[in-house]
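K.L.:
Residues per chain, in single letters:
2 protein chains.
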Amino acid sequence: MQNYKIGLVPGPVSVPEFIRKAWLEDYGSADIEDEFFNLYAANQSLTQKLLHTKNKIVITSGEAMSILWGALKSTLKPNDKLLAVASGLFGEGFAWMGEKLGFNSKLSAFDYDDIPDPEKVIDEIKSFKPKVITAVHCETPSGTINPHLKIIGRAAHEVGALFVVDFVSSAGGVELNVDDYEIDIGLLGSQKVLSLTSSLSISSISDRAWDVIKNTDYNGYDAYNYWYEVPEKKYTPYTHDWPAMKALNLSLENILNNGLENNLKRHSEAAKLCRSLGREIGLKLFPKDEKFSSPTVTAFYIPENWTWENFNNALRIRGLAVGGNYGKLAGKVFRIGHMGSQANNELVKNGMEIIKEVLNK
Amino acid sequence: MQNYKIGLVPGPVSVPEFIRKAWLEDYGSADIEDEFFNLYAANQSLTQKLLHTKNKIVITSGEAMSILWGALKSTLKPNDKLLAVASGLFGEGFAWMGEKLGFNSKLSAFDYDDIPDPEKVIDEIKSFKPKVITAVHCETPSGTINPHLKIIGRAAHEVGALFVVDFVSSAGGVELNVDDYEIDIGLLGSQKVLSLTSSLSISSISDRAWDVIKNTDYNGYDAYNYWYEVPEKKYTPYTHDWPAMKALNLSLENILNNGLENNLKRHSEAAKLCRSLGREIGLKLFPKDEKFSSPTVTAFYIPENWTWENFNNALRIRGLAVGGNYGKLAGKVFRIGHMGSQANNELVKNGMEIIKEVLNK
Chain A
7 MQNYKIGLVP GPVSVPEFIR KAWLEDYGSA DIEDEFFNLY AANQSLTQKL
57 LHTKNKIVIT SGEAMSILWG ALKSTLKPND KLLAVASGLF GEGFAWMGEK
107 LGFNSKLSAF DYDDIPDPEK VIDEIKSFKP KVITAVHCET PSGTINPHLK
157 IIGRAAHEVG ALFVVDFVSS AGGVELNVDD YEIDIGLLGS QKVLSLTSSL
207 SISSISDRAW DVIKNTDYNG YDAYNYWYEV PEKKYTPYTH DWPAMKALNL
257 SLENILNNGL ENNLKRHSEA AKLCRSLGRE IGLKLFPKDE KFSSPTVTAF
307 YIPENWTWEN FNNALRIRGL AVGGNYGKLA GKVFRIGHMG SQANNELVKN
357 GMEIIKEVLN K
Chain B
7 MQNYKIGLVP GPVSVPEFIR KAWLEDYGSA DIEDEFFNLY AANQSLTQKL
57 LHTKNKIVIT SGEAMSILWG ALKSTLKPND KLLAVASGLF GEGFAWMGEK
107 LGFNSKLSAF DYDDIPDPEK VIDEIKSFKP KVITAVHCET PSGTINPHLK
157 IIGRAAHEVG ALFVVDFVSS AGGVELNVDD YEIDIGLLGS QKVLSLTSSL
207 SISSISDRAW DVIKNTDYNG YDAYNYWYEV PEKKYTPYTH DWPAMKALNL
257 SLENILNNGL ENNLKRHSEA AKLCRSLGRE IGLKLFPKDE KFSSPTVTAF
307 YIPENWTWEN FNNALRIRGL AVGGNYGKLA GKVFRIGHMG SQANNELVKN
357 GMEIIKEVLN K
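Just so you know, the protein sequences line up as chains A and B, in that order. Going by our numbering, the first residue of the first sequence is number 7, and it counts up by one from there. Going by our numbering, the first residue of the second sequence is number 7, and it counts up by one from there.
For the record, the hints were derived by calculation from the structure and aren't laboratory data. We put the CB at the ideal spot given by N, CA and C, even for glycine. It is possible that some hints are incorrect.
[As the list claims (entries may be wrong)] Reference excerpt, derived from the structure (chain B facing chain A, CB under 8 Å, subset only):
hint, residue
1, VAL21
2, THR203
3, GLY226
4, ASP228
5, PRO249
6, ALA327
[Said to hold, decoys possible] The following label-pair restraints were derived from C-beta to C-beta distances:
hint, chain 1, residue 1, chain 2, residue 2, range
7, A, GLY108, B, GLU125, 37 to 47 Å
8, A, LYS239, B, PHE134, 35 to 45 Å
9, A, LYS239, B, LEU30, 44 to 54 Å
10, A, GLY166, B, TRP314, 40 to 50 Å
11, A, GLU238, B, GLU359, 28 to 38 Å
12, A, HIS163, B, ASP120, 53 to 63 Å
13, A, ASP223, B, TYR241, 27 to 37 Å
14, A, ARG160, B, PRO243, 27 to 37 Å
15, A, GLU259, B, GLU359, 35 to 45 Å
16, B, ARG285, A, LYS240, 25 to 35 Å
Could you build the full structure based on these sequences and the hints that come with them?
P.N.:
Shown next as structure tokens:
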């Protein structure tokens with residue numbers, strides 16, 4: 007079992023028992039059974055409902071970094087223009103990846119405790135005229151939600167660019183409408199709101215994006231073009247992960263049966279509670295404005311006079327695990343992950359109680 | 007449960023219950039727990055024993071195609087020379103991949119029912135002087151084992167080439183000595199002899215290969231260079247699959263506790279039984295010479311007067327699932343997979359009994 011009694015790590019989250027049990031069956035070969043291809047199709051359909059999209063869904067085996075790389079590699083050729091809209095680590099990550107891959111990569115950067123200014127972004131889109139624009143919905147290290155995806159999506163299409171969005175730690179827990187926001191490629195991981203292990207990656211891909219993908223003709227494990235006719239052709243580019251697909255099915259059914267709106271509500275309530283308890287105990291919220299603090303993860307400054315190491319140790323001794331941070335936020339900001347199975351008021355309360363105890367010593 | 011009573015598909019194989027149970031625990035976050043990094047290190051050590059190597063082991067999340075691609079991309083730059091030694095589909099696959107990736111890709115091809123002629127291969131190595139040479143240990147579609155890896159490995163190093171070997175469906179079930187064969191990059195999947203789901207890929211990488219990898223500076227999900235200091239730096243390039251790693255640990259411990267030699271014996275006996283029962287019922291072995299018929303998978307010609315579809319349907323109605331085929335072997339050859347959990351005389355006997363019944367009607 008996990009080493010900590012109270013898990014509030016912002017992904018991978020605690021995997022509920024009903025999902026873990028998916029792995030108890032011996033499924034047979036995903037390469038040859040109609041049952042598997044039907045399961046894949048069912049998951050595509052459920053995901054479309056989750057994301058409010060008619061776009062084709064591609065579900066692949068591997069952690070979400072595979073589709074962050076794959077989305078860029080499948081749509082850009084060397085020297086093609088990439089505009090990475092960023093108010094945090096993952097947004098800037100796209101720019102770094104683009105550079106490493108030899109694309110003409112431009113960063114539209116905003117402060118990590120802020121969100122992108124849509125007018126500035128639109129100006130940059132109009133002047134740079136990128137082929138692909140990346141943005142992040144929930145910057146997990148910053149604990150922020152970018153509310154301007156729709157505006158950016160519109161601007162993207164006005165210049166004929168593809169709009170690629172990382173919603174790895176928001177989809178299912180935060181309001182998100184892929185078609186309304188005109189998201190061409192949407193990127194989702196299994197270990198956040200969906201509460202699976204990190205084994206699957208889910209992408210929504212528009213027709214416009216498929217055209218570019220076919221044209222780009224990228225080849226590799228993370229190439230999207232091999233997935234266009236899955237599962238219709240009863241074929242996958244490699245042996246798929248049947249139990250993980252079953253687990254995904256259970257998770258999606260669970261969310262949709264409870265009502266997506268209820269799931270969003272469960273997240274926003276847990277987040278509100280987290281922020282209010284944080285305020286009570288004197289924690290300082292990292293996002294500049296509570297309005298864009300994420301329903302799935304709350305980022306606080308590490309309390310004064312504490313190092314991250316000492317703070318984390320004190321929490322761990324008392325059975326609480328929270329998220330640290332990376333890059334320029336390392337040692338400065340920590341995070342409470344209340345997403346998926348962890349979007350639970352009781353859990354948040356118990357976790358914040360421990361923090362209060364530690365700070366009052 | 008799987009739809010077929012008798013599973014003799016040559017990967018993914020039936021996952022034994024003691025391995026499936028690994029997923030029943032809720033492990034916590036693989037990003038932050040020492041326990042995970044210790045598990046990773048333990049699996050590296052067990053894998054070194056399985057493969058008879060001192061080389062560093064890299065274990066990644068995703069199906070084995072990820073490391074077939076990753077091995078090429080991590081070591082070759084456009085126009086670099088790749089020699090693909092092939093006596094089957096996967097061997098030729100490397101040449102195709104190399105072409106797609108813009109390498110100077112040459113195929114050293116041999117018949118699919120045969121094995122590479124080492125003298126011809128050495129000649130081609132000496133004249134072409136490739137940077138990387140690929141070979142396949144067990145060509146699963148052909149049911150053959152290439153017994154000449156050691157000779158090819160030596161020749162590779164005489165010209166300063168890297169030797170990359172796909173032993174996805176042989177390692178653990180067939181005699182294989184990575185260091186003795188001078189294999190620089192060895193590629194292994196989790197869904198064959200190891201009898202896990204298809205979620206993990208395992209690579210053995212020599213110091214010589216690490217130098218080339220660092221120099222090539224490839225970036226992507228399947229890039230090896232990020233893994234050089236895993237788990238020493240207590241970091242992974244993405245969130246790893248803890249339950250799958252636990253399952254791998256259980257499988258490796260099981261094989262090594264029973265004795266690797268005993269595992270090899272169990273496979274060769276199941277294979278011998280399969281071939282002899284096949285002979286009895288009039289099946290024609292596909293490999294030209296029984297000497298190089300694989301201990302992990304036996305390929306037979308589809309019996310005369312049968313199409314693959316009709317034959318397979320007749321078997322499936324009676325509860326038996328076997329492997330079909332691909333490319334030029336599709337409709338011509340079928341396969342009995344007796345690897346890992348399926349390297350079992352009783353299982354093979356029952357399967358062949360059903361084939362006998364079908365052929366005698």
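K.L.:
Please name the hints from earlier in the document that this structure breaks, with their numbers sorted from lowest to highest.
P.N.:
9
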